[in-house]
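Colleague: Sequence:
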Amino acid sequence: MLNFEEELKKFQPSLEVDEIEEEALSEDLTDLSDLLKDILETTR
Numbered sequence: 005m006l007n008f009e010e011e012l013k014k015f016q017p018s019l020e021v022d023e024i025e026e027e028a029l030s031e032d033l034t035d036l037s038d039l040l041k042d043i044l045e046t047t048r
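Okay, so the sequence shown: first residue is 5 according to our numbering, each after it adds one.
These are calculated hints, taken from the structure and not from any lab test.
Note that this is a predicted model, so its numbers are computed, not measured.
Heads up, the beta-carbon is just placed ideally off N, CA and C, and yes, glycines get one too.
One thing to keep in mind: the hints can contain errors.
As the list claims (entries may be wrong) - What follows is a list of derived Cβ distance ranges for each label pair:
1) Leu29 / Phe8: 34 to 40 Å
2) Leu40 / Ser18: 30 to 36 Å
3) Leu39 / Phe8: 41 to 47 Å
4) Phe15 / Arg48: 50 to 56 Å
5) Asp35 / Leu6: 34 to 40 Å
6) Glu9 / Glu45: 35 to 41 Å
7) Glu9 / Asp42: 47 to 53 Å
8) Met5 / Ile43: 53 to 59 Å
9) Asp38 / Gln16: 28 to 34 Å
10) Glu45 / Val21: 30 to 36 Å
11) Leu6 / Glu27: 43 to 49 Å
12) Asp38 / Asn7: 30 to 36 Å
13) Glu45 / Glu23: 31 to 37 Å
Let the sequences and hints guide you as you build the complete structure.
Modeller: Following this line, the structure appears as structure tokens:
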């Protein structure tokens with residue numbers, strides 16, 4: 005059975021849309037296409 009008091013202690017609210025956007029833009033989001041571009045540029 006769930007212990008609601010314990011669950012409330014662990015609760016962390018999700019980020020708001022503005023906060024998510026700021027967080028995502030501050031991260032280095034290198035994907036496969038970026039890696040392939042780098043490889044092609046270094047091999048030329």
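Colleague: Are there hints from earlier that the structure breaks, and if so, what are their numbers?
Modeller: 6, 11, 12
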